[in-house]
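Participant: Sequence:
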Amino acid sequence: MDGDGTQDAKGTRSGSVPRPAGPPPLPPRPTRAPAPPPLPDGSAFLGWLRTPRPSTPPGVWRFGHLPRPEQEPERTPPRQLISGALIAFLVGWLIWSLLWNNYLGGWWVVPLELFTPDSWRHSGNRVGNAVLWYGYYTLIALAIALAVGKLGRWGELWRRFGPPAWTTVAPVDERPPAPEDDPAQWNQLRAAGANEAAERLAAEARAGLMRDVDHARISRAWQGVLNGRHSLATFTGAVLKQGAAACPHPSGNRDLPTRIARHDLITGQVRLGSAVDDPRNPYAYRGAGLALGPELLGTSLVAVGPAGTGKTSSVVWPLTESLCLQALAGRAAVVVVGAAGAGLGPVDAYDVVVRIGHPESEYDLDLYGGTADPDEAAAVLAEALAGDLTEAHSGGDSRRSTTVLAQLLGPYRAVHGRFPSVPELRQLLDGAPRPLAALRKALEATGRDSLLRELDARERQSGHPGDVGGLLADRVALLDRPAFAPFFDTSGQSRPFSLRALDHPVRVRIDLPERGHADASRILARLVLAQFTASVATREDRSLFACLVLDDATGVVTPEAVRGIQRLRSVNAGAVLTLRTLDDVPRPLRGPLLGATGCRMALSGLTPWDGQDFAEVWGKEWTETRDVTDRQIIAETPAGKALHMLRRVITGRAPTARAVTVRQVERERWSASELAHAVPPGHAVLSLTDVRGEHAPPLLVNLRG
1 MDGDGTQDAK GTRSGSVPRP AGPPPLPPRP TRAPAPPPLP DGSAFLGWLR TPRPSTPPGV
61 WRFGHLPRPE QEPERTPPRQ LISGALIAFL VGWLIWSLLW NNYLGGWWVV PLELFTPDSW
121 RHSGNRVGNA VLWYGYYTLI ALAIALAVGK LGRWGELWRR FGPPAWTTVA PVDERPPAPE
181 DDPAQWNQLR AAGANEAAER LAAEARAGLM RDVDHARISR AWQGVLNGRH SLATFTGAVL
241 KQGAAACPHP SGNRDLPTRI ARHDLITGQV RLGSAVDDPR NPYAYRGAGL ALGPELLGTS
301 LVAVGPAGTG KTSSVVWPLT ESLCLQALAG RAAVVVVGAA GAGLGPVDAY DVVVRIGHPE
361 SEYDLDLYGG TADPDEAAAV LAEALAGDLT EAHSGGDSRR STTVLAQLLG PYRAVHGRFP
421 SVPELRQLLD GAPRPLAALR KALEATGRDS LLRELDARER QSGHPGDVGG LLADRVALLD
481 RPAFAPFFDT SGQSRPFSLR ALDHPVRVRI DLPERGHADA SRILARLVLA QFTASVATRE
541 DRSLFACLVL DDATGVVTPE AVRGIQRLRS VNAGAVLTLR TLDDVPRPLR GPLLGATGCR
601 MALSGLTPWD GQDFAEVWGK EWTETRDVTD RQIIAETPAG KALHMLRRVI TGRAPTARAV
661 TVRQVERERW SASELAHAVP PGHAVLSLTD VRGEHAPPLL VNLRG
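Each residue of the sequence shown is one higher than the one before, counting from 1 in this note's numbering.
Please note that the accuracy of each hint is not assured.
[What the hints assert, rightly or not] Between beta-carbon pairs, the in silico distance windows are: (1) Ser673 / Val571: 37 to 45 Å; (2) Pro177 / Tyr283: 55 to 63 Å; (3) Pro346 / Gly682: 22 to 30 Å; (4) Val571 / Thr267: 21 to 29 Å; (5) Pro177 / Gly705: 29 to 37 Å; (6) Phe89 / Arg692: 36 to 44 Å; (7) Val617 / Pro73: 50 to 58 Å.
[What the hints assert, rightly or not] With a straight-line Cα cutoff of 16 Å, these simulated EDC-like cross-link-like pairs (lysine to aspartate or glutamate) come out: (8) Lys620 / Glu668; (9) Lys241 / Glu196; (10) Lys241 / Asp255; (11) Lys241 / Asp277.
In case anyone wonders, no lab produced these hints; they're calculated from the structure.
Because the structure is a prediction, the values reported are computed rather than measured.
Using N, Cα and C, we set each Cβ at its ideal position, and we do this for glycine too.
Required output: the full structure, derived from the provided sequences and hints.
Facilitator: Rendered as structure tokens:
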């Protein structure tokens with residue numbers, strides 16, 4: 001129970017979930033000031049735990065959110081509101097003056113005469129008379145004030161311009177909730193009979209020894225008890241022994257080295273910014289925090305924006321940080337792929353760091369995805385090597401590349417008990433006589449006739465027009481470079497990481513080769529994406545959310561990749577892809593890519609032709625337009641003409657009559673021109689869809705808010 005069943009990761013070939021690699025840390029990226037440490041008495045944690053999190057539309061930051069109406073109430077223009085309030089006050093003052101000076105006669109004292117005896121009004125007691133009459137005057141004044149205040153909308157004026165509008169801080173109820181409603185009391189454990197464990201956890205929270213990651217991790221372990229994966233006795237024993245540190249992540253970490261974003265591990269959200277108070281945003285979203293979580297990332301996200309618009313710093317790293325925190329809580333597994341030095345966080349934030357091409361990398365990447373099936377390995381490798389090629393270049397679809405690789409991988413594994421290394425695979429694809437002859441001889445010696453037929457077919461096709469073997473050999477040659485010599489080893493001498501480990505809450509970062517190996521980097525990125533989509537579909541524990549983050553998806557989007565992304569939602573997985581421009585995606589795949597992802601982000605600086613693709617996928621909506629027409633008024637009489645002339649001299653304009661026509665028209669939610677020119681720096685337009693199918697229209701978001 002101490003490890004929550006996560007101590008042994010499959011496919012890592014090292015016996016456990018690998019520890020963080022030990023190369024020198026990357027240069028730190030600029031961050032905000034770190035949050036203050038928890039108070040010694042635990043009040044900060046308890047305040048966080050007890051903060052309400054109401055249900056919200058998709059993408060709204062739920063932590064302490066104050067819901068707004070769906071529709072915007074009608075707001076009187078400030079000038080009209082102030083002038084109306086002033087006129088109402090003057091009218092009330094006029095009425096009071098007329099009454100006070102008795103200009104309206106004595107009828108207004110009739111109610112006093114009807115409801116009070118004569119002895120009260122005509123008694124010789126001056127004090128009593130003064131109280132009676134001045135009390136009546138006060139009542140009349142209040143009635144006039146209430147009437148004119150209602151007509152002049154003084155209440156709305158007070159709310160919009162008075163002290164209530166000077167601060168946006170919502171009142172906080174400092175009183176602790178009732179014990180039965182207090183989440184810090186762990187009532188779900190008490191209801192199941194684990195009172196001692198609940199008391200231990202409540203005491204740790206009050207003492208300031210519990211963090212948000214601890215709460216999420218122990219809650220996840222408790223769900224395992226409810227699901228029957230763990231016994232109640234084992235869980236209780238671990239909590240009584242270790243308190244808030246119970247059920248640890250295999251790395252032993254209880255938090256990340258640093259945090260740059262705001263996280264809420266109860267809802268699983270990370271705040272990226274805020275929705276702008278703009279008429280194009282729905283009223284319920286305006287001014288609200290904008291956050292993403294697994295329920296949205298489960299539909300995958302594609303973010304497009306030129307370099308320098310904050311894709312990595314404002315989107316990728318906050319999402320990665322959130323996924324790493326959820327991995328520490330036992331809820332998620334994350335694989336982050338990017339260039340070395342791309343600002344993907346410190347090395348200590350990960351369990352596995354694969355630095356391809358770096359001599360000090362502690363881990364290697366399994367070229368074949370940890371599978372023992374030659375056909376599966378051939379399909380994944382074919383996608384990486386030739387998935388981006390059109391039929392004109394490859395001579396057919398990717399199935400031909402898969403067939404060629406399977407014809408070689410199957411016989412080789414049957415003879416050697418492993419798949420070929422990169423140099424060996426290159427020789428086989430080139431049709432080198434000696435390796436093929438040696439492979440044939442070994443197959444004949446073992447009597448594997450079916451595999452001999454595979455090898456015979458490969459030799460017949462080799463060198464013929466249209467054969468893709470030579471093209472695959474050229475692609476493999478990009479990986480057969482001196483910089484990659486220690487990598488992709490299949491002899492068992494290295495520590496290759498396999499994406500089969502995504503059965504467990506592992507945090508992985510893969511640094512692609514640096515400058516000079518752009519084509520190899522794209523091959524490896526396609527390889528990781530293909531292995532990810534294949535591995536998550538065969539996981540045993542799909543309660544873990546698995547996410548792949550590709551910091552630069554240039555050259556990665558292929559027809560098979562789009563189909564793989566579409567399948568991720570059904571296996572509790574998702575992908576985050578960033579692009580500098582949609583021109584990095586083949587034209588036939590741009591629409592399918594935007595259609596396959598439920599969350600789409602267009603950052604500032606987008607080109608109009610990129611904006612056109614987003615405008616098409618976001619579609620149109622019915623909106624109300626107002627056409628205003630000014631018609632000149634023609635005077636018929638001399639007096640009217642003189643009046644019009646005087647008005648024209650004073651105002652400088654001819655007298656006109658205004659006609660307003662209101663129509664319902666269909667227009668694009670965001671046009672290509674608006675996306676290219678109307679999105680300010682540091683902002684983005686983001687549409688959202690969650691795994692349940694609820695969606696939010698395109699929102700203008702301030703990523704710096």
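Participant: List, from low to high, the hint numbers that the structure doesn't satisfy.
Facilitator: 2, 6, 7, 10, 11
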